[in-house]
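Engineer: Residue-level listing of the chains:
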Amino acid sequence: MYFRYLGRELRRRARSAAVVAIGLALAVGLVITVTAAASGVNAAQGQVLSSLYGVGTDLTVTKVPTAGSGGSFSFNANPASRAQAGQAFSQDHLSSSPGLEVMADSDVTSISALKGVEGATGALVLNSIHVSGSFGSFFGGGSSSSPSATATPTPTPAATSTPTAAATPTASATPGAFGITSFSVDGIDPAYPGVGLLSGANITAGAAAVQQWFGEAQQGTDGGEIALVSSSYATQNSVKAGSTITVAGTSFTVVGLVTVSETDGADVYIPLSQAQTLADDASDVNTIYVTATDSSAISTVQSEIQKLMPSATVTTASDLASNVSGSLSTASTLANTLGTWLSALVLLAAFVLAVLLTIASVSRRVREFGTLKAIGWRSRRIVGQVIGEAAVLGVIGGVVGVGLGVLGAFLVTHLVPPLSATVGATGLGGSSTTSTGGGFGGGGGFFGGRTPGAFASANPGFARTFTDRTHSVPVHLTAPLSLEVLMVAVGLAIVGGVLAGVLGGWRAARLQPAEALRRVE
Amino acid sequence: MYELKKLSRVYPKGRTKVAALSGVDLQIPDGEFITVQGLTGHGKTTFLQMLGALDKPTSGRIIFDGKDLGAMPESQLVDVRAQNFGFIFQNYNLLPTLTAEENVEAALVPLKVPTAERRVRSLAALAEVGLADRANHFPPEMSGGEQQRVAIARALVKEPKVILADEPTGNLDEVTSLEIVALMERLWKQRGMTLVLVTHDTKVARRAPRTAVITKGKLAMRDNRAPRVATTKPGSTPGSAQPSGAVQPA
Chain A
1 MYFRYLGREL RRRARSAAVV AIGLALAVGL VITVTAAASG VNAAQGQVLS SLYGVGTDLT
61 VTKVPTAGSG GSFSFNANPA SRAQAGQAFS QDHLSSSPGL EVMADSDVTS ISALKGVEGA
121 TGALVLNSIH VSGSFGSFFG GGSSSSPSAT ATPTPTPAAT STPTAAATPT ASATPGAFGI
181 TSFSVDGIDP AYPGVGLLSG ANITAGAAAV QQWFGEAQQG TDGGEIALVS SSYATQNSVK
241 AGSTITVAGT SFTVVGLVTV SETDGADVYI PLSQAQTLAD DASDVNTIYV TATDSSAIST
301 VQSEIQKLMP SATVTTASDL ASNVSGSLST ASTLANTLGT WLSALVLLAA FVLAVLLTIA
361 SVSRRVREFG TLKAIGWRSR RIVGQVIGEA AVLGVIGGVV GVGLGVLGAF LVTHLVPPLS
421 ATVGATGLGG SSTTSTGGGF GGGGGFFGGR TPGAFASANP GFARTFTDRT HSVPVHLTAP
481 LSLEVLMVAV GLAIVGGVLA GVLGGWRAAR LQPAEALRRV E
Chain B
1 MYELKKLSRV YPKGRTKVAA LSGVDLQIPD GEFITVQGLT GHGKTTFLQM LGALDKPTSG
61 RIIFDGKDLG AMPESQLVDV RAQNFGFIFQ NYNLLPTLTA EENVEAALVP LKVPTAERRV
121 RSLAALAEVG LADRANHFPP EMSGGEQQRV AIARALVKEP KVILADEPTG NLDEVTSLEI
181 VALMERLWKQ RGMTLVLVTH DTKVARRAPR TAVITKGKLA MRDNRAPRVA TTKPGSTPGS
241 AQPSGAVQPA
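From first to last, the protein sequence lines are chains A and B. If you count by my numbering, then the first sequence holds residues 1 to 521, one letter each, in order. If you count by my numbering, then the second sequence holds residues 1 to 250, one letter each, in order.
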């Protein structure tokens with residue numbers, strides 16, 4: 001009797017029942033789609049971040065240099081020198097990535113000993129700058145010894161040799177021209193490939209040699225002058241596995257090529273000890289990658305590291321999410337804020353609609369319920385009938401909503417154009433940046449500090465070359481669905497239906513039979 | 001058996017109060033057929049709802065089988081209604097989404113009668129009112145007379161002690177009205193239950209041994225077996241009406 005009455009009643013008022021069910025279905029479908037899209041956006045963010053900071057990395061420890069810290073370097077050349085005028089030069093400079101203060105690699109050991117830390121490894125993130133060109137000539141007739149206003153600087157990184165070209169005085173002042181190229185070099189500990197930048201790497205060439213290198217490193221040998229090169233850098237510079245590459249004047253044998261997810265990590269990876277030697281940062285690292293034993297331990301580990309190294313910046317993956325900008329960030333904002341609010345609003349509207357239509361239905365059936373009370377039906381049975389009807393609409397709305405949600409997720413996955421994720425300058429990771437300058441005015445002494453601020457203020461245009469280490473990465477947005485989300489969404493629809501039924505049933509229960517029977521329909 | 005003592009029902013109407021029933025005293029022995037007459041709005045339906053435990057008195061007492069219905073909570077009154085009273089309404093009040101058989105069956109639901117037995121008893125009740133072949137029809141597919149027969153079957157199926165009919169012929173033509181009244185009279189005689197029938201029709205009212213005439217909430221009894229010259233028109237002062245409870249049941 002219960003189900004026959006329920007089913008026929010719903011058929012009798014099919015139109016309003018359909019409105020309630022469709023309303024709930026739309027709300028559920030939207031909730032599923034938005035949740036799936038948000039999940040996809042978060043996954044994309046995670047993908048971008050993990051490619052930069054390592055899949056297995058939960059925390060990253062860095063230090064921001066204090067203003068004015070870091071040694072200055074100057075080109076070992078005298079622009080006013082008559083001997084150098086008009087001579088060609090070529091110099092390399094390898095320095096810690098701007099924005100990163102070095103830390104002792106004993107900090108890695110200290111962090112490894114902390115509770116909740118599964119593993120930690122240090123890295124030295126460096127920039128290799130290659131400057132080549134020729135000095136300008138501003139010594140008319142070779143007789144003047146005073147510096148010209150158009151003196152051409154000759155960048156000579158301290159770590160590299162001074163150009164040895166012989167001076168060739170010229171008859172008239174001519175500006176010099178030079179080019180600057182830079183690429184990023186990461187000194188990694190090959191004994192811990194599972195933590196840090198290479199944890200998410202895909203070895204595209206020389207896999208066996210790379211694995212052998214890692215294996216030997218775990219046995220205590222760093223492999224010497226061995227390098228891994230990113231696939232994109234290798235393509236641009238025609239580097240292959242087995243070829244050699246020069247970093248700060250030292251040749252390294254390329255054992256393999258790697259792709260770090262969709263973003264470029266560093267251009268070149270060399271053993272940490274080699275990087276430390278080349279950068280004159282012996283026993284120093286400037287980034288420590290940490291893996292926690294489990295996700296719940298991350299915040300504890302973060303605070304423990306912060307206690308251990310008060311001046312360090314301890315960043316978790318969730319902190320890093322704020323560094324992601326671009327259309328992916330916009331999509332994230334849309335999914336997480338607008339989408340959530342929109343879902344909540346539609347859900348609320350659907351609930352209100354369901355409640356109002358159910359109450360309206362009860363109002364139209366007052367005499368019917370009065371009759372049932374007159375023949376002995378208890379209020380709770382009548383309320384149960386109303387709730388049952390509304391709950392069935394909730395179930396229908398939920399099921400249809402799941403279909404709409406799956407369709408929405410499908411459309412998001414297949415129709416949304418690729419998004420771009422831009423990761424701001426943090427000094428981590430890195431990609432090749434190339435700048436070609438020429439005709440600099442002003443004297444030497446820039447590169448005077450490793451602090452980005454000081455660097456930037458010294459020469460903003462040049463500083464951009466080193467501090468804007470941003471990545472714009474195309475990201476394909478997916479909208480993954482999970483059983484939990486689908487069940488919660490259906491649950492929401494049923495709750496909406498039951499809520500409407502309870503409120504409608506409550507009105508029905510309050511009816512006095514005599515009053516209900518007097519009501520004219 | 002009913003025993004009404006100083007029964008009053010006052011409804012608030014805006015800032016004033018309207019006495020639908022005022023100081024009604026009456027006894028209705030078991031098995032009596034009694035009709036109720038009165039002008040519209042004078043308290044007939046309120047009187048019937050009091051008898052059916054659908055409403056409670058403002059003052060006074062209404063005793064049914066020794067129980068004061070006015071003092072019982074709704075949770076107990078619902079059981080009293082389910083077990084003892086069969087209602088018949090002017091508008092039939094059938095559930096449009098249920099078949100004739102299911103409408104009748106609905107009266108047995110609160111009595112927790114097993115499903116199979118419910119169906120057997122419902123079909124038997126429909127057969128008793130001449131609608132065995134209409135059991136699977138829905139109310140909108142039936143005539144007014146047929147719908148009222150279904151309502152009668154629904155009232156009878158649980159074998160109540162009292163049938164309370166509120167103008168059951170009010171929406172029917174004269175021929176059908178007489179058929180319905182004849183049916184109810186026949187069932188009353190066969191089953192020996194108490195029948196209280198509200199009607200505007202004096203011819204119908206006179207078929208009962210006595211009639212309760214309600215005027216502005218006041219009740220007076222009229223003996224329909226007395227000579228016709230002694231009767232009183234509904235709405236007028238029932239000067240010759242017998243005192244409450246003075247008439248013996250048929």
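Watch out, some of these pointers could steer you wrong.
Unchecked claim - Not everything, but these chain A residues come out facing chain B in the computed CB check (under 10 Å):
1) R12
2) R15
3) A191
4) T371
5) K373
6) W377
7) P513
Stated by the list, open to error - Per the computed footprint, the stretches of chain B lying under chain A, defined by three or more beta-carbons under 8 Å from a beta-carbon of chain A, are:
8) 25–32
9) 98–110
Derived from the structure by calculation, the hints contain no laboratory data. The model shown is predicted, which means the values in this text are computed figures rather than measured ones. The C-beta atom is built at its ideal place from N, Cα and C for all residues, glycine as well.
Engineer: Against each hint, give a clear statement of whether it holds in the structure.
Structural biologist: Hint by hint, here is what the structure shows:
no.: 1; hint: R12; in the structure: 5 Å, holds
no.: 2; hint: R15; in the structure: 15 Å, violated
no.: 3; hint: A191; in the structure: 76 Å, violated
no.: 4; hint: T371; in the structure: 4 Å, holds
no.: 5; hint: K373; in the structure: 7 Å, holds
no.: 6; hint: W377; in the structure: 6 Å, holds
no.: 7; hint: P513; in the structure: 4 Å, holds
no.: 8; hint: 25–32; in the structure: violated (count 0)
no.: 9; hint: 98–110; in the structure: holds (count 7)
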